[in-house]
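A.B. asks: Chain by chain, the residues run as shown.
2 protein chains.
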Amino acid sequence: MIDVSRRHLLAGAAAAALVPAVPMRPARAAVPPAGKQVPGIYRQKLGDFELTQLTDGAARRPVSNGYVVNISKEEAVAETEKLHYPKDQVVVPFNPLLINTGSKLVLIDTGVGAGMYEKSKGAVGQLQTNLAAAGIDRNAIDIVILSHFHGDHINGIRLGDGSLAFPNAELKVPGVEWDFWMSDANADKVSGYNKGAWGVPRGVFKDLAGKVTKYEAGKEVAPGITAIHTPGHTPGHMSFAVQSGSARALVQSDVTNIPQFFMQHPDWHVEYDVDPAMAVQTRRKFYDMAVTEKTMVIGFHFSFPAAGYVEKDGTGYRLVPIVWNPGI
Amino acid sequence: MIDVSRRHLLAGAAAAALVPAVPMRPARAAVPPAGKQVPGIYRQKLGDFELTQLTDGAARRPVSNGYVVNISKEEAVAETEKLHYPKDQVVVPFNPLLINTGSKLVLIDTGVGAGMYEKSKGAVGQLQTNLAAAGIDRNAIDIVILSHFHGDHINGIRLGDGSLAFPNAELKVPGVEWDFWMSDANADKVSGYNKGAWGVPRGVFKDLAGKVTKYEAGKEVAPGITAIHTPGHTPGHMSFAVQSGSARALVQSDVTNIPQFFMQHPDWHVEYDVDPAMAVQTRRKFYDMAVTEKTMVIGFHFSFPAAGYVEKDGTGYRLVPIVWNPGI
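Residue numbers (numbering that gives the first Met the number 0), protein chains in the order written: chain L, 0 to 327; chain D, 0 to 327.
No lab work stands behind these hints, which were simulated from the structure alone.
Computed from a predicted model, the values in this text were never measured in an experiment.
Cβ coordinates follow ideal geometry from the N, Cα and C atoms, glycine included.
You may find that some hints are simply not true.
What follows is a set of in silico ranges between Cβ atoms, one per label pair, in the way DEER data are often shown [what the hints assert, rightly or not]:
#1 L:His-228 <-> D:Ala-77: 46 to 52 angstroms
#2 L:Ala-33 <-> D:Met-288: 26 to 32 angstroms
#3 D:Met-288 <-> L:Glu-215: 53 to 59 angstroms
#4 D:Met-288 <-> L:Ala-132: 53 to 59 angstroms
#5 L:Gly-202 <-> D:Lys-284: 55 to 61 angstroms
#6 D:Lys-284 <-> L:Glu-219: 50 to 56 angstroms
#7 D:Lys-72 <-> L:His-228: 52 to 58 angstroms
#8 D:Lys-86 <-> L:Asp-136: 36 to 42 angstroms
#9 D:Glu-215 <-> L:Glu-292: 48 to 54 angstroms
#10 L:Ala-131 <-> D:Thr-314: 47 to 53 angstroms
#11 D:Gly-198 <-> L:Asp-266: 46 to 52 angstroms
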């Protein structure tokens with residue numbers, strides 16, 4: 000055990016004798032700060048399945064510019080302070096989920112796309128780097144399931160150069176969602192954010208119309224993974240029940256945006272909802288089911304590792320995050 | 000986009016023609032399950048400091064055998080169910096904290112010791128592997144601060160072979176704690192768990208009496224890190240205020256064991272408290288301070304990444320975990 004403070008005192012005294020007028024700069028620790036986060040990867044068993052939560056990163060945004068449509072700006076800002084966030088700022092994480100069923104490697108949702116990684120200075124578009132850090136070859140993914148057609152869920156099917164990120168994967172899309180976004184007749188049914196995002200699915204799927212597989216609610220989309228129609232956020236928005244033996248989890252997709260706002264206040268409308276009133280109905284129904292079932296819920300916009308249990312809390316709900324398991 | 004299901008159908012048909020009576024086993028995914036957790040490392044900035052939360056792992060234990068001293072076995076078991084844990088089981092995580100102040104690399108608490116890694120099949124004793132995964136050379140650590148003398152905090156100062164794990168670090172111990180555990184006159188002041196653990200500090204510090212530095216509450220133990228006396232859990236138990244510029248965090252050490260039990264129910268006595276009544280007083284005082292200050296609290300036994308904000312909740316408190324930042 001070296002007495003570091005005494006060693007530094009002596010060194011300081013010697014230095015002072017040589018250059019008495021120059022103040023000593025404090026010594027730097029031998030190890031510089033890492034200055035970056037570790038890869039966002041978290042594994043858990045669900046029956047015989049292995050779930051790997053992978054983060055695609057997170058976006059920061061103010062709430063005073065219409066993030067919550069049906070409350071005042073002041074109320075939204077006050078909520079950020081109540082939650083101990085920087086004033087008028089929320090963090091919206093993006094968390095795709097990888098499921099190894101033993102027979103299939105399945106990815107649910109794909110993030111904002113690797114092309115955003117450089118542009119955002121690594122803040123988002125992390126899925127490909129985190130997949131690689133998790134030891135997963137993107138070419139080994141068998142099935143990609145998309146929950147709905149917002150850019151943070153579908154853009155990641157392509158790399159920055161436009162090539163397919165998962166070239167060997169079957170690409171499964173909700174049939175209702177496909178039909179909605181691909182029909183010009185529906186362009187006038189959306190407004191705000193969705194108006195601006197109207198062309199996104201066509202861009203992403205431009206040459207893939209003949210290659211995607213449409214799936215329906217109530218049926219298995221992959222082994223043990225059954226789609227649940229949870230409309231409102233978008234018309235074809237899908238959640239999933241994942242079942243292996245008696246173990247079960249619910250993958251909510253965007254039944255809420257960040258739970259700190261919209262699970263606690265299920266009647267608040269996030270600006271991304273195509274039909275906010277239906278989204279509220281769906282939200283309450285889905286969380287009532289989760290509360291009754293006591294099933295773990297995985298959420299694309301939950302704080303990484305993006306899983307927890309839902310409790311009733313006053314007129315809303317709250318998320319009790321899972322305890323991080325340092326084993327598996 | 001290869002149509003995987005069609006490919007498998009064709010392969011299945013071909014196989015069936017050859018061996019029709021043998022049921023097909025499902026194909027295995029090309030990537031086997033990882034079968035293990037990622038290293039538990041999480042970084043955040045606090046002013047100019049970089050904090051790195053490192054997990055040492057977690058222990059599972061039943062609650063029906065005296066974990067909470069002053070409630071019934073039935074009440075304790077019911078709490079595990081309420082929390083969605085396996086019935087009668089809690090997970091108690093161990094999370095040492097590394098602070099790079101820019102001038103010093105400081106470790107607060109050390110886990111159960113690398114010698115436990117193999118014995119526990121990797122469940123605990125992970126600090127050394129996680130430090131290495133974080134790119135930190137254990138020889139580069141300048142200061143090790145110990146909060147109190149329970150084995151899960153001090154045993155990690157040694158490797159499995161008994162040698163010092165941080166040979167170049169100054170080793171700082173609470174003076175009150177040292178005097179308590181090193182005096183035979185106090186042996187009769189403890190009972191239960193602490194009776195069984197009475198000899199632990201002497202074993203760990205056996206040849207280090209002349210090499211440790213005793214520190215006091217109210218003074219800086221390392222740059223920006225000030226000790227706060229939080230007695231009850233043990234007589235010399237210390238928490239810390241970490242301050243860099245205007246950024247501040249509280250490191251609670253063992254003001255509670257797991258917050259899910261003892262923050263929510265601050266009057267419950269964990270079996271590890273030397274003076275449970277004083278521990279309750281300390282707990283309420285410390286959390287009232289955290290609530291008033293709205294300061295982030297880091298807890299050795301919080302779920303990794305072991306940081307959050309404390310809110311009043313009924314007659315107790317609850318922890319609002321920080322949002323995982325995929326950047327830094």
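A.B. asks: A separate judgement is required for each hint: does it hold in the structure or not?
C.D. replies: Okay, the hints, checked on the actual structure:
At about 36 angstroms, the CB distance of His-228 of chain L to Ala-77 of chain D disagrees with the hint of 46 to 52 angstroms. Between Ala-33 of chain L and Met-288 of chain D the C-beta distance comes to about 31 angstroms, which sits within the given range of 26 to 32 angstroms. Between Met-288 of chain D and Glu-215 of chain L the CB atoms are about 55 angstroms apart, so this pair conforms to the stated range of 53 to 59 angstroms. Taking 53 to 59 angstroms as the suggested C-beta distance range, the pair Met-288 of chain D and Ala-132 of chain L does not conform, at roughly 39 angstroms.
The hint said 55 to 61 angstroms for the Cβ distance between Gly-202 of chain L and Lys-284 of chain D, and at roughly 58 angstroms that hint holds. A C-beta distance of roughly 55 angstroms is found between Lys-284 of chain D and Glu-219 of chain L, which places it inside the suggested range of 50 to 56 angstroms. About 45 angstroms separates the C-beta atoms of Lys-72 of chain D and His-228 of chain L, a value inconsistent with the hinted range of 52 to 58 angstroms. Range check, Lys-86 of chain D to Asp-136 of chain L: about 39 angstroms between beta-carbon atoms, so the 36 to 42 angstroms window is met.
Under the hint 48 to 54 angstroms, the C-beta atoms of Glu-215 of chain D and Glu-292 of chain L, about 53 angstroms apart, fit the expected range. Here the CB-CB span from Ala-131 of chain L to Thr-314 of chain D is close to 49 angstroms, well matched to the stated 47 to 53 angstroms. For the pair Gly-198 of chain D and Asp-266 of chain L, the beta carbons lie near 59 angstroms from each other, so the given range of 46 to 52 angstroms is not met.
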